[in-house]
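Asks: Chain residues, written in single-letter form:
2 protein chains.
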Amino acid sequence: MAAFLPILAWGQAYNREVLTGDLIAAVIVTIMLIPQSLAYAMLAGLPPVVGLYASIMPLVLYAVFGTSRTLSVGPVAVISLMTASAAGMVAPAGTPEYLEAAVTLAALSGVMLTALGLLRLGFLANLLSHPVISGFITASGILIATSQVKHILGIRGGGETWPEMLNGLVAGLGAISWATVAIGVPVLAFLFWGRKGLKPALQGLGMSARTADISAKAGPVVAVVCTILAVIGFDLGTKGVAVVGAVPQGLPPFTLPSVDPGLIAQLWVPALLISIIGFVESVSVAQTLAAKRRQRISPDQELIGLGASNIASALSGGYPVTGGFARSVVNFDAGAQTPAAGAFTAIGIALASLYLTPLLFHLPVATLAATIIVAVLSLVDFKTPRQLWAYSRADFVAHAATIIVTLLAGVERGVIAGVGVGLMLYLWRASRPHAAIVGRVPGTGHFRNVERHQVITLPHLLTIRVDESLTYLNARWLEEYVLELVAERPALRHVVLMASAVNAVDASGLESLEAVNHRLGDAGVGLHLSEVKGPVLDRLQRSHLLHHLNGRVFLSQDQAFTALAQDTGAPPPPVDTYEARGAI
Amino acid sequence: MAAFLPILAWGQAYNREVLTGDLIAAVIVTIMLIPQSLAYAMLAGLPPVVGLYASIMPLVLYAVFGTSRTLSVGPVAVISLMTASAAGMVAPAGTPEYLEAAVTLAALSGVMLTALGLLRLGFLANLLSHPVISGFITASGILIATSQVKHILGIRGGGETWPEMLNGLVAGLGAISWATVAIGVPVLAFLFWGRKGLKPALQGLGMSARTADISAKAGPVVAVVCTILAVIGFDLGTKGVAVVGAVPQGLPPFTLPSVDPGLIAQLWVPALLISIIGFVESVSVAQTLAAKRRQRISPDQELIGLGASNIASALSGGYPVTGGFARSVVNFDAGAQTPAAGAFTAIGIALASLYLTPLLFHLPVATLAATIIVAVLSLVDFKTPRQLWAYSRADFVAHAATIIVTLLAGVERGVIAGVGVGLMLYLWRASRPHAAIVGRVPGTGHFRNVERHQVITLPHLLTIRVDESLTYLNARWLEEYVLELVAERPALRHVVLMASAVNAVDASGLESLEAVNHRLGDAGVGLHLSEVKGPVLDRLQRSHLLHHLNGRVFLSQDQAFTALAQDTGAPPPPVDTYEARGAI
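So the sequence lines, in the order shown, correspond to chains E and A.
Each residue of the first sequence is one higher than the last, beginning at 1 in our numbering.
Each residue of the second sequence is one higher than the last, beginning at 585 in our numbering.
Just chain E, same shape as in the assembly (with noise of 0.2 Å):
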């Protein structure tokens, strides 16, 4: 029971001093996340206000079923990203449609990762590799701060791709406000500045280090609150300064998602894609933190923690939501010792919901541009590329491919493209095992690689080591590799597979052994094995490969190769007349 409700064992063991870590922990993250809230709904293209929705139930929900004790749920930047654009393809931002198509797409995503949890499928984020996600995040991030550079400077722009979005802004260039660039740049100065030198500046004034740590995550409040007051004072509203405007006041609203199968049926893909890209990130977070603490969490639980989570998010409102980076770490440093901080967040939205939003009306969405861009330039990466050709140039091709398609043709394209390359090259690698033919070290009965020691071998006895199990995608290299090997040599007799590291057959390496036994039948040579594991001869001994076997079964490769070294005798194999003429 604990397995699926995890609140109960750590609420077993709450007392006042856990209450007293969670609730400073759930002051700081809430004063942080309300800006943060309202900037990544406006980068999803929904109204503010629905950011605020998506970061209460989402929460309490993650406290009751997560794992992590310090992972913080909510709206995040790249989920942002991604849900403007599956919710663009239904209808344009800012209609009702685009809404709820938002809000269905949280509600997919929550069915889909509960779904998942429950049928113990979290393996499959593991096609998602490093590089890929590390290539997404970068693209996303140039993606989404090139979106917010349009606010920045007060001009119309558009676009889903990179080039569309450049394109956008040089045709916007006439049209710039400069009332906007008089907010947007400073703040943006003051938030890339705050990130490295707010804190020494506030221990320069007196603070000790952890409080002036902490304090300086608050530097997008400060921008928030000083812009507020500017537009107010020199009246920028009227001087073409876009504001948020009427955020309505209240709690979040119970909502329906849809259920039209015509939505479901544009929104499916991008949804799956939202839960994987969105679940890898979360569990990311939770291992780095919860490792932190020697704490442990469970992937499979995790997947149904935040399933829940945006079904909660779906049925009040809300839109998509996972753990993220900056408010998880915050939480952590900010001294969360369970989810219950998360529940306590929760409440503070709720209450900044009611009582806050009339003062957001004058909040200049250059401001929430600005926390934006500087967010996000942080996932940008110029190092892993250049790691990665140094260690992998098969991986690096992966990331190259993931950040080329998504900057220039979306990120749902950009994640399947990075799956599908990776995939590929993996496949390819594994359609081509390790092998090597082997022979005797003089005097012992170790068998080594021909090509790397002085070794005996015979023309009539050919021994294979096979250094991977033998799986569908190498069984037809098994056969190439075998048949081609025996094409070459007309004296031999005897081919021995030595199996000393195959952990595994499976049906379709049976049917290759079965055909290499058959064609070497053909061609008067006998096949045996050697070594083979236990496991796998009990396997084996449940087929017919053992009682057709055109040879022995040897318990070691070097009883093999004594006793077929002998078995020079018998005539050479019949050859086809054609062949025997020497045509190729």
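If you are wondering where the hints come from, they were derived from the structure by calculation, not from laboratory data.
Below, computed lysine-lysine pairings styled on DSS-like, alpha-carbon distance capped at 30 Å: (1) K967/A x K533/E; (2) K292/E x K199/E; (3) K533/E x K1117/A; (4) K780/A x K876/A; (5) K783/A x K876/A; (6) K383/E x K1117/A; (7) K383/E x K292/E; (8) K876/A x K967/A; (9) K292/E x K196/E.
Given chain E, work out where chain A should sit, using these hints.
Replies: Only chain A this time, still in chain E's reference frame:
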């Protein structure tokens, strides 16, 4: 050059003896091919003459570019069914648009196969495991046989899936044409009997075994001739027996496939599936035959050979072709020595389409349907599921999923489901590799699994042997596995990863090692490596891991154990206060 034009290799050694073998085989295959080509074109929903067109130019091109000496290309049953399914999505059978779609499929398939060959991407065919192919062929056989029953009964019918076909048959039962049944059922019985009984019967009449064997293959021709005579003799054409009717006389017309982007967008997925299924079928046949004579085929060059054949088919008004099993075996048994036999067969079919087509006017459609039913029912295989169930449940699941989805949702979805399920099961296994905690065998330097042997372990030292390369598919598993073991052992000071079975570490595996190193460092535990293979170590030296490693790299596990066994003096790792209170 000879690699791209295999004709250069065998052409040089050509002489009168080889010519005789090729000519005899060509005559026999031509006689067998005529009814087969007409029947398969009908199965594909195309005019019968298209089957003849698809049996001329493709054979000539394969003779130039193919690497199998005895493969015979042309229309085959499964590809005809797939063509019908794909072209049926574009337009109803019988319309010019339907024919255009079939020709375009051949063109697209030709271009794809050639591209896959030039890019050396033949390994992608590995995605079709033996259980998936076998399931697909069984289900296709059932679908094809069912689709032809209507022609035997002389009723209307239709449908893409098995339930639709059965429905159509039941609905048409009231309108059975008994004159058609009187033709169809005896032909069916004769052909069924002929598969086993004709050869002994001919031997009983004094034929040699080999002549009887080859003559028995002409059973369909006998049925064709007899039923044509019956239709003429009893004037069955006016009594409700459907006949082939006027077949245009002449050589294949030069045809330009459509380059309409809309049509190509509709057809590229089916064309890709047709290409891959056709390639897999063809290569299996070619390998089987080549091995019998110790010859070799080159799979990547085979792609080019089949690609050229399909382009030729499209340009001469045909539809997708591949190497067929039945006809290739006849070609081989009849003594074909080189691909020239195929070119001679092409001449035979060309003569038939010039001079024999008027004779086919009265050929009953029921005769062709019976030919198809008898041919495809031999594809249906009920032994494989039983063997798979006994040998490997995972493979059984992939096989069953392919059969069920093919029957219920059609051929395309069936192939995709089979590939998807097979890949998911593979990834599931690949994401959970075998690993063991090992300890020292007393008095030796050997280390073995603690669960299978009596070995020495120490509470502050954990040695893990991973029996698999570290790739992105198991990177997440590695982190979870190691961190879980560490979380269970509060006294732990050192973890040694014994890498004797690790053949490669990709960038994701590297990042997992770095994460494990970092997290163990946070927990005050050292991470050490032992028995790292040379190439793996070379590559790791190009990364930062070894610089930051929170431990050492040992040449042998024995050295690691000896060195770390003493190192218990250091203080225990720092433990988080909450964790220390005993909460889980």
